[in-house]
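Protein chains: 2
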Amino acid sequence: MPKCRDEVDQRILDAALARILQVGIRRSSLDDIARRSGINRVTIYRRFSGKDKLIEAVLERETERMLTEVGSILTDAEDIDERIEQTVLYVLRQTRMHRLVRQLLDVAPEEALTFYTVHGGEMVALGIGYIADLLDRAQHARLIARYDSEPIAEMIARLAHSLMLTPKGGVDFTVDEATHHFVRTTIVPMVKYGIATSSKEITR
Amino acid sequence: MPKCRDEVDQRILDAALARILQVGIRRSSLDDIARRSGINRVTIYRRFSGKDKLIEAVLERETERMLTEVGSILTDAEDIDERIEQTVLYVLRQTRMHRLVRQLLDVAPEEALTFYTVHGGEMVALGIGYIADLLDRAQHARLIARYDSEPIAEMIARLAHSLMLTPKGGVDFTVDEATHHFVRTTIVPMVKYGIATSSKEITR
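Line order of the protein sequences matches chains P and S.
Residues 210 to 413, numbered by the working numbering, are exactly what the first sequence covers, in order.
Residues 210 to 413, numbered by the working numbering, are exactly what the second sequence covers, in order.
In isolation and in its complexed conformation, chain P is listed as follows:
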């Protein structure tokens, strides 16, 4: 769920994001962020209780923004397979190509990795929650089968997380055609039907 942030919070978060994109997380200080946002250090501290929490809030807001954009694709595509495929491709592309991911890996790679791994729980949780919510809504609209959405959401979010950090290994997810094929043949059926739970469900 997006948190309600007032205009002052938003200005602080904007300044923090801009600064992070410029010099990375470690070298961004509350003083820099205060200067850039025109909001004093004490207010920033009071609202976010310190730099770590502020950075967390920045990452959270960026993840939410990205996920909000996903909703719009869902209405554009034609049939349900196409809609699932486009949504999953968008999520995979965004987790890799988002400016915060690319820029941070560029400006301060090792530091960025720490944030996407050791401190990545919140990001993974947001992703799982969002995907589960999409699945629930699709189930409610009878577009896909009824199944427990949480484990499928976890599998997809974890796939995206692993691909964001290490895109090559098996399927080369830096190549569009390979990515499309994998999504179409593996993720789309998984989203549409869930996981088979008895041998009667096996046809091939």
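Simulated from the structure, these hints should not be mistaken for lab results.
It is possible that some hints are incorrect.
A few chain P positions that, by computed beta-carbon distances, are all more than 10 Å from chain S [to be verified]:
1. V217
2. G233
3. L239
4. R250
5. G259
6. R270
7. V279
8. D288
9. R292
10. Y299
11. R302
12. H307
13. K377
14. D385
15. E386
In the DSS-like style, the derived pairs of lysine-lysine whose C-alpha atoms are separated by at most 25 Å in a straight line are [unchecked claim]:
16. K377/P x K377/S
17. K262/P x K377/S
18. K262/S x K377/P
19. K260/S x K377/P
20. K260/P x K377/S
On the chain S side, residues computed to face chain P include the following (Cβ under 7 Å) [claimed, not checked]:
21. V316
22. E319
23. L374
24. T375
25. G379
26. T383
27. T395
28. T406
Quantities reported herein were computed from a predicted structural model and do not represent experimental measurements.
Don't be surprised by glycine CBs; every beta carbon is placed ideally from N, CA and C.
Chain P is fixed; fit chain S onto it per the hints.
Below, chain S without anything else, positioned relative to chain P:
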């Protein structure tokens, strides 16, 4: 497939592993490794063409070792569900608890993360290949349904990769009971039956 390494190679790899566990990757030099193994720098260089390739070979050998151990569990457990569950749990536990993972994250965390992400393609590829091979053998023995093993292997290897780096998020994979439940209800059926490919396969 494990590479054939002669005794000299093994001594070099042992010395490199010991040194890495002691001081991390960056601070391990070929000189240190030469001293510890009693094999001169030129020979090491000639056999592994430099430190980067040597480190890669160390990580590869450790991954292979871990995967070889997996094979033995497969024969111990009673029924097929139990065997799949135990194997998956072992893989997940090992990817997180292996001495190279823990020690390296301890000695040089940011550096370790680089190796498990930016340079993690080889490790992911080994994992996928190994899991696909296990699945193929189980299919051949008619223990599980026939399906394309590669995408399922990729999903499982990517899950393990993501969990190794960020164990909490959705299901808390640091808690045994939660991990067992997820593996039993999601991974075991996926391994046993593959992914459903038509709506006829949906029973719930």
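To see whether the hints hold, each was checked on the structure:
Chain S leaves V217/P outside its interface by the beta-carbon criterion, the shortest separation being 30 Å against a cut-off of 10 Å. Here G233/P stays apart from chain S, with its beta-carbon at least about 12 Å from theirs, past the 10 Å limit. Once the 10 Å rule is applied to beta carbons, L239/P is consistent with being away from chain S; the minimum gap is 22 Å. Listed as a non-interface residue, R250/P keeps its Cβ farther than 10 Å from every Cβ of chain S; the least gap is roughly 28 Å.
Non-interface call for G259/P relative to chain S: holds, since the shortest CB-CB distance, roughly 21 Å, exceeds 10 Å. Non-interface status of R270/P relative to chain S is upheld: no Cβ of that chain comes within 10 Å, the nearest being about 18 Å off. In this structure V279/P is separated from chain S by more than 10 Å, as the shortest Cβ-Cβ distance comes to about 18 Å. At the 10 Å boundary, the C-beta of D288/P stays outside the reach of chain S, the nearest C-beta of that chain being 14 Å off.
Every beta carbon of chain S lies more than 10 Å from that of R292/P, the smallest distance being close to 16 Å; the non-interface claim holds. Consistency note on Y299/P: stated as away from chain S, and its beta-carbon is indeed over 10 Å from all of that chain's, at 18 Å minimum. At roughly 16 Å, the least C-beta separation between R302/P and chain S is larger than 10 Å, which holds for a residue marked as non-interface. Annotated as non-interface, H307/P keeps its C-beta farther than 10 Å from every C-beta of chain S; the closest such distance is 16 Å.
Listed as a non-interface residue, K377/P fails to keep its Cβ farther than 10 Å from every Cβ of chain S; the least gap is roughly 4 Å. With a cut of 10 Å on Cβ distances, D385/P stays outside the contact zone with chain S, its closest approach being about 17 Å. The beta carbon of E386/P sits about 15 Å from the closest Cβ of chain S, which is more than 10 Å, so the claim that it is off the interface holds. A distance of roughly 24 Å separates the Cα atoms of K377/P and K377/S; the hinted pair therefore holds under the 25 Å criterion.
Under the criterion of a C-alpha separation no larger than 25 Å, the hint pairing K262/P with K377/S is consistent with the structure, at around 18 Å. As the CA atoms of K262/S and K377/P are separated by approximately 18 Å, the hinted pair is consistent with the 25 Å bound. The straight-line distance between the Cα atoms of K260/S and K377/P is roughly 22 Å, inside the 25 Å bound, and the hint therefore holds. With a C-alpha separation of about 22 Å, the suggested pair K260/P and K377/S falls inside the 25 Å cut-off, and the hint holds.
The criterion of a C-beta within 7 Å of any C-beta in chain P is not met by V316/S, whose closest approach is roughly 14 Å, and the hint is violated. Taken as an interface hint, E319/S checks out: its beta carbon lies about 4 Å from the nearest beta carbon of chain P, inside 7 Å. Evaluation of the L374/S hint against chain P yields a held restraint, the C-beta minimum of about 4 Å falling below 7 Å. The beta carbon of T375/S is positioned within 7 Å of a beta carbon in chain P (closest approach about 4 Å), and the interface hint is therefore held.
Restraint check, G379/S versus chain P: the minimum CB separation of about 4 Å is within 7 Å; hint holds. Interface hint status for T383/S: violated, as the beta-carbon distance to the closest one in chain P is roughly 10 Å, over 7 Å. With a cut of 7 Å, the hint placing T395/S at the interface with chain P holds, because the nearest CB-to-CB distance is about 4 Å. Given the 7 Å rule on beta carbons, the hint for T406/S holds: about 5 Å separates it from the nearest Cβ of chain P.
Violated hints for the displayed structure, listed by number in ascending order: 13, 21 and 26.
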